[in-house]
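Participant: Read off the chains here:
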Amino acid sequence: MNNIIVYIELVEGKISDVSFELLTKGRSLANQLKCNLEAILIGNNLKGMEKELFPYGIDTLYVADDARLAPYATLPHTSILVKLFQEQQPQIALMGATTIGRDLGPRVSSALKSGLTADCTELEIGTHTDSKTKHVYNELLYQIRPAFGGNIIATIINPDCRPQMATVREGVMKKEIVDIQYKGKLVNLEVAKYVDETDFIVKIIERHIEASKVDIKNAPIIIAGGFGVGSADNFKLLHKLASVLGGEVGASRAAVDAGFAEHARQIGQTGVTVRPKLYIACGISGQVQHLAGMMESNLIISINNDPQAPINKIANYVITGKVENVIPKMIKYYREHTK
Amino acid sequence: MKKFNIVVLAKQVPDTRKAGKDAMKADGTINRSILPAIFNPEDLHALEQALNVKDQYPGSTITLLTMGPPRAVEILKEGFYRGADDGILLTDRAFAGSDTLATSYALASAIKSIGQVDIIFSGRQAIDGDTAQVGPQVAEKLGIPQVTYAEEIVKITDKAIQVKRRLEHGVETVECPFPLVITVNNTAPHCRPRNAKRLMKYKHASTMSNRQENNDDYLASAIAHPHLTIKEWGVNNITVDHEQLGLTGSPTKVKKVDNIIFQAVETKTFTDLDEDIDELMKELVESHIVG
Numbered sequence: 001m002n003n004i005i006v007y008i009e010l011v012e013g014k015i016s017d018v019s020f021e022l023l024t025k026g027r028s029l030a031n032q033l034k035c036n037l038e039a040i041l042i043g044n045n046l047k048g049m050e051k052e053l054f055p056y057g058i059d060t061l062y063v064a065d066d067a068r069l070a071p072y073a074t075l076p077h078t079s080i081l082v083k084l085f086q087e088q089q090p091q092i093a094l095m096g097a098t099t100i101g102r103d104l105g106p107r108v109s110s111a112l113k114s115g116l117t118a119d120c121t122e123l124e125i126g127t128h129t130d131s132k133t134k135h136v137y138n139e140l141l142y143q144i145r146p147a148f149g150g151n152i153i154a155t156i157i158n159p160d161c162r163p164q165m166a167t168v169r170e171g172v173m174k175k176e177i178v179d180i181q182y183k184g185k186l187v188n189l190e191v192a193k194y195v196d197e198t199d200f201i202v203k204i205i206e207r208h209i210e211a212s213k214v215d216i217k218n219a220p221i222i223i224a225g226g227f228g229v230g231s232a233d234n235f236k237l238l239h240k241l242a243s244v245l246g247g248e249v250g251a252s253r254a255a256v257d258a259g260f261a262e263h264a265r266q267i268g269q270t271g272v273t274v275r276p277k278l279y280i281a282c283g284i285s286g287q288v289q290h291l292a293g294m295m296e297s298n299l300i301i302s303i304n305n306d307p308q309a310p311i312n313k314i315a316n317y318v319i320t321g322k323v324e325n326v327i328p329k330m331i332k333y334y335r336e337h338t339k
Numbered sequence: 001m002k003k004f005n006i007v008v009l010a011k012q013v014p015d016t017r018k019a020g021k022d023a024m025k026a027d028g029t030i031n032r033s034i035l036p037a038i039f040n041p042e043d044l045h046a047l048e049q050a051l052n053v054k055d056q057y058p059g060s061t062i063t064l065l066t067m068g069p070p071r072a073v074e075i076l077k078e079g080f081y082r083g084a085d086d087g088i089l090l091t092d093r094a095f096a097g098s099d100t101l102a103t104s105y106a107l108a109s110a111i112k113s114i115g116q117v118d119i120i121f122s123g124r125q126a127i128d129g130d131t132a133q134v135g136p137q138v139a140e141k142l143g144i145p146q147v148t149y150a151e152e153i154v155k156i157t158d159k160a161i162q163v164k165r166r167l168e169h170g171v172e173t174v175e176c177p178f179p180l181v182i183t184v185n186n187t188a189p190h191c192r193p194r195n196a197k198r199l200m201k202y203k204h205a206s207t208m209s210n211r212q213e214n215n216d217d218y219l220a221s222a223i224a225h226p227h228l229t230i231k232e233w234g235v236n237n238i239t240v241d242h243e244q245l246g247l248t249g250s251p252t253k254v255k256k257v258d259n260i261i262f263q264a265v266e267t268k269t270f271t272d273l274d275e276d277i278d279e280l281m282k283e284l285v286e287s288h289i290v291g
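Chains as they are written, first to last, in the working numbering: chain A, 1 to 339; chain B, 1 to 291.
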């Protein structure tokens, strides 16, 4: 009956935040479209997990529970989604723009010949009139995403193919419980009907999974460095300021590409979206793709020896000077004037 | 010893990394025309992995396949300089307006026309779209497995390949039999540089239509130096369902495009002198932003 369906992603048996965020968005879209919100959970030992999920307003939760379905592998998860979507004919399907979602989404969309928009930053419902046929499409999903290295924002639609598929990065949307008592229906799928032996052709030999030690998403203060910091050595200064102020170190794509910081610290369209109370941008020129990931920060300070750096336009405070001169002075003042 | 047939998918892209302030017009929008067209960086990483397989299995062949306008032939030449054996430019008006699904359909159809292929490498994603969709979609269209985010080939035998994948939360090594699609991550090794001898050899390589346009004595040069004629395929060279190509084959449509213009805020400017930094820090401490 053309509902909205969310793929629930498990990381080492735990539901990832992006799935809760998508359920929250899915619930509000479903209310607007007057349809149901559904979700699909695939993995092993899933009993009881529905208790965590239903409060987000799921009307039907499909569960595929089988020892062979964890950890995630492309082919079996694809087969389940493709068959389920063929049976249920959802109008919208959402998944996280994670290493899993970006592996699974395109494969499913190709099998169903339906459109997929990656890394959406906004999802809205709207209408569309075809310029040639004048046909009016109602209640389409507007999939809004930055493109061209983040320099433009494109609104993408799938007028004719279903489901309308989209991936969304973690942290871009908010998660919110609808009702702790929300009653949904649980449907256990008969896994053998959905997967084939040939789906298990890729064997996992070894896995080293470590929880990321870097948590810039929830840091109240972020000291972010760009290519202008100049070296991995100078980046140590940023770490020092971060530890003094109780913050975390972030980086622009250029700084990560140059090897100054690890990928987990990357802020921007292809990294993490952050909203700290204080963002100190050090030697960051301010490419749009970076600004997109931090412009909602409460207070922005830019330290740059180029007074014309684009980031200065959105900064509340601009310090024109070299990062390696300014940061030690900030640390010195802070140490002398606080307990 | 086994000889692998390898295809590397590559794309010519505008260098969006250069879209800094020099590319910014006065109204705050981006001036795309000044961005150089380059070999998509992660596709170069993919080419390196293919060359790495060829180092271990000499006699393997690497065919570089790109879809794009006639000038995309530049990246095929770049591939020749670095060690690719063959190159195909897939170009036709019928491909215009393709989204990722129509692109992957055209590429998969071209791969079928190349013949039996063991490994298809591509970059994880292209820097102009960052979608990371074409690799997995090509794999699905060919009905073969995919290994995404590859960082290193751990082991390769006649029967199977072991690949280390870089994930958000760690690494994973998987083993997969042939044929398969491997998308290569930006954390994989950089591509080896151009080889001087190959540069001399392929400097004048071109497609037949480029030669015609330049009024070269194109037939004579093609006959004299067959290796300098880069293959150029259109819809007639591959078996396709026209409905699945270009705009008609693209389920996603761009409804509108907005340039990003950031709202300027009121900015207070400081120098890096001690008293300026002290004043700023004092404000931050007193307003409890820090401390």
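The set of hints was computed from the structure by calculation and includes no laboratory data.
Among these hints, one or two may not hold up.
What the hints assert, rightly or not - In silico DSBU-like links for lysine-lysine, alpha-carbon gap of 30 Å or less:
id, chain 1, residue 1, chain 2, residue 2
1, A, Lys329, B, Lys268
2, B, Lys255, A, Lys236
3, B, Lys18, A, Lys236
4, A, Lys113, B, Lys18
5, B, Lys253, A, Lys313
6, B, Lys18, A, Lys175
7, A, Lys240, B, Lys268
8, A, Lys34, B, Lys253
9, B, Lys3, A, Lys217
10, B, Lys268, A, Lys332
11, B, Lys112, A, Lys83
12, A, Lys313, B, Lys18
13, B, Lys268, A, Lys34
14, A, Lys313, A, Lys329
15, A, Lys132, B, Lys255
16, B, Lys18, A, Lys134
17, A, Lys322, B, Lys268
18, A, Lys132, B, Lys268
19, B, Lys256, A, Lys322
20, A, Lys174, B, Lys255
21, B, Lys3, A, Lys313
22, A, Lys34, B, Lys3
23, A, Lys313, B, Lys112
24, B, Lys268, A, Lys277
25, B, Lys3, A, Lys174
26, B, Lys256, A, Lys174
27, A, Lys113, B, Lys112
28, B, Lys282, A, Lys329
29, B, Lys112, A, Lys217
30, A, Lys277, B, Lys255
31, B, Lys112, A, Lys203
32, A, Lys175, B, Lys112
33, A, Lys175, B, Lys253
34, B, Lys255, A, Lys113
35, B, Lys256, A, Lys203
36, B, Lys155, A, Lys236
Computed from a prediction, not measured in an experiment: that's the story for all the values here.
Participant: Compare the structure with each hint and give your call.
Facilitator: Consistency of the hints with the structure:
no. : hint                  : result
1   : A:Lys329 <-> B:Lys268 : holds (18 Å)
2   : B:Lys255 <-> A:Lys236 : violated (45 Å)
3   : B:Lys18 <-> A:Lys236  : holds (26 Å)
4   : A:Lys113 <-> B:Lys18  : violated (34 Å)
5   : B:Lys253 <-> A:Lys313 : violated (33 Å)
6   : B:Lys18 <-> A:Lys175  : violated (35 Å)
7   : A:Lys240 <-> B:Lys268 : holds (25 Å)
8   : A:Lys34 <-> B:Lys253  : holds (25 Å)
9   : B:Lys3 <-> A:Lys217   : violated (47 Å)
10  : B:Lys268 <-> A:Lys332 : holds (22 Å)
11  : B:Lys112 <-> A:Lys83  : holds (26 Å)
12  : A:Lys313 <-> B:Lys18  : holds (19 Å)
13  : B:Lys268 <-> A:Lys34  : violated (48 Å)
14  : A:Lys313 <-> A:Lys329 : holds (24 Å)
15  : A:Lys132 <-> B:Lys255 : holds (14 Å)
16  : B:Lys18 <-> A:Lys134  : violated (40 Å)
17  : A:Lys322 <-> B:Lys268 : holds (17 Å)
18  : A:Lys132 <-> B:Lys268 : violated (51 Å)
19  : B:Lys256 <-> A:Lys322 : violated (41 Å)
20  : A:Lys174 <-> B:Lys255 : holds (25 Å)
21  : B:Lys3 <-> A:Lys313   : violated (57 Å)
22  : A:Lys34 <-> B:Lys3    : violated (58 Å)
23  : A:Lys313 <-> B:Lys112 : violated (51 Å)
24  : B:Lys268 <-> A:Lys277 : holds (18 Å)
25  : B:Lys3 <-> A:Lys174   : violated (52 Å)
26  : B:Lys256 <-> A:Lys174 : holds (25 Å)
27  : A:Lys113 <-> B:Lys112 : holds (19 Å)
28  : B:Lys282 <-> A:Lys329 : holds (12 Å)
29  : B:Lys112 <-> A:Lys217 : violated (44 Å)
30  : A:Lys277 <-> B:Lys255 : violated (35 Å)
31  : B:Lys112 <-> A:Lys203 : holds (26 Å)
32  : A:Lys175 <-> B:Lys112 : violated (45 Å)
33  : A:Lys175 <-> B:Lys253 : holds (29 Å)
34  : B:Lys255 <-> A:Lys113 : holds (20 Å)
35  : B:Lys256 <-> A:Lys203 : violated (43 Å)
36  : B:Lys155 <-> A:Lys236 : violated (37 Å)
Of the hints listed earlier, those the structure fails to meet are numbers 2, 4, 5, 6, 9, 13, 16, 18, 19, 21, 22, 23, 25, 29, 30, 32, 35 and 36, in rising order.
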